[in-house]
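Numbering (our numbering), first residue to last: 507 to 700.
It should be emphasised that the hints constitute simulated quantities derived from the structure, not laboratory data.
None of the values given here were measured: they were computed from a predicted structure.
The reader is advised that the hints may include incorrect statements.
Claimed, not checked - For each label pair, taking beta carbons as the anchor points, the in silico distance ranges come out as:
{"id": "1", "residue 1": "657", "residue 2": "567", "range": "44 to 50 Å"}
{"id": "2", "residue 1": "558", "residue 2": "514", "range": "40 to 46 Å"}
{"id": "3", "residue 1": "647", "residue 2": "627", "range": "30 to 36 Å"}
{"id": "4", "residue 1": "653", "residue 2": "564", "range": "44 to 50 Å"}
{"id": "5", "residue 1": "638", "residue 2": "547", "range": "20 to 26 Å"}
{"id": "6", "residue 1": "635", "residue 2": "660", "range": "33 to 39 Å"}
{"id": "7", "residue 1": "550", "residue 2": "628", "range": "18 to 24 Å"}
{"id": "8", "residue 1": "696", "residue 2": "600", "range": "24 to 30 Å"}
Glycine included, each C-beta is placed from N, C-alpha and C at the ideal position.
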Amino acid sequence: MMTFNVKHQESYSSSELLLRSFFGYFYIVLPHAFIFMFLALWGSILTFISWLIIMFTGSYPESFFEYQVKLMKWSTRVNLRVYNLADGYPSFGLESEDSAFTLEIPYPENLSRSTQLIKLLFGAFYVIIPHGFLLLFRGIATMFLWILGWWAVLFTGKFPESWHEFIVGTMRWGLRVQLYMGYMTDDYPPFSGK
Numbered sequence: 507m508m509t510f511n512v513k514h515q516e517s518y519s520s521s522e523l524l525l526r527s528f529f530g531y532f533y534i535v536l537p538h539a540f541i542f543m544f545l546a547l548w549g550s551i552l553t554f555i556s557w558l559i560i561m562f563t564g565s566y567p568e569s570f571f572e573y574q575v576k577l578m579k580w581s582t583r584v585n586l587r588v589y590n591l592a593d594g595y596p597s598f599g600l601e602s603e604d605s606a607f608t609l610e611i612p613y614p615e616n617l618s619r620s621t622q623l624i625k626l627l628f629g630a631f632y633v634i635i636p637h638g639f640l641l642l643f644r645g646i647a648t649m650f651l652w653i654l655g656w657w658a659v660l661f662t663g664k665f666p667e668s669w670h671e672f673i674v675g676t677m678r679w680g681l682r683v684q685l686y687m688g689y690m691t692d693d694y695p696p697f698s699g700k
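Using the sequences and the accompanying hints, generate a full structural model.
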């Protein structure tokens, strides 16, 4: 089972918050997105190849799996700054680490071929639609708390812990859906951010 936790800082920098808010798109999002776009394209190709390999062997190629996990960690590093859940600049690269969070995804030794086939054919109906519907509303609540959190950090230097955990829970839920639909686990994602 995947483990994802984000460190709740004792205090947050109001100056970093303002810098990210006004210029973050240019100095964080654009440079990371430009490089990440090419790596994610390769990740999509590896997902397709992995599905074929799983159908023949029943296992996800370990090096491909590790690559996908590194992509998830990179996007998480950036998202934590976009949501103002962590201070500091997110590092570039697949090998970079970040002390602001832990993301552990165990490698599955065996995957069910029939489950992978069902995901491919019917995943939109039994995963994407129900989870997407609920995540849409949770995403709206997340954006509301993100805005309130922005003001809290600006004036107090603190991000309320319950709001922080709710936003992290939304990210956790999304990651679980991504893992399942990316053929990286047979565990159906729970309808929860916990």
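Hint-by-hint comparison with the structure:
1. 657 / 567: 44 to 50 Å: Holds, since residue 657 and residue 567 (Cβ atoms, about 46 Å apart) stay within the stated range.
2. 558 / 514: 40 to 46 Å: For residue 558 and residue 514 the Cβ distance comes to about 42 Å; the hint holds.
3. 647 / 627: 30 to 36 Å: Roughly 32 Å apart at Cβ, these two residues keep to the hinted range, so it holds.
4. 653 / 564: 44 to 50 Å: The hinted range 44 to 50 Å holds for residue 653 and residue 564, with Cβ atoms some 46 Å apart.
5. 638 / 547: 20 to 26 Å: 23 Å, holds
6. 635 / 660: 33 to 39 Å: Given a distance of about 38 Å, which is inside 33 to 39 Å, the answer is holds.
7. 550 / 628: 18 to 24 Å: For residue 628 against residue 550, whose Cβ atoms are near 20 Å apart, the range 18 to 24 Å holds.
8. 696 / 600: 24 to 30 Å: Since residue 696 and residue 600 have Cβ atoms about 28 Å apart, the given range 24 to 30 Å holds.
Violated hints are absent here; each numbered hint is respected by the structure.
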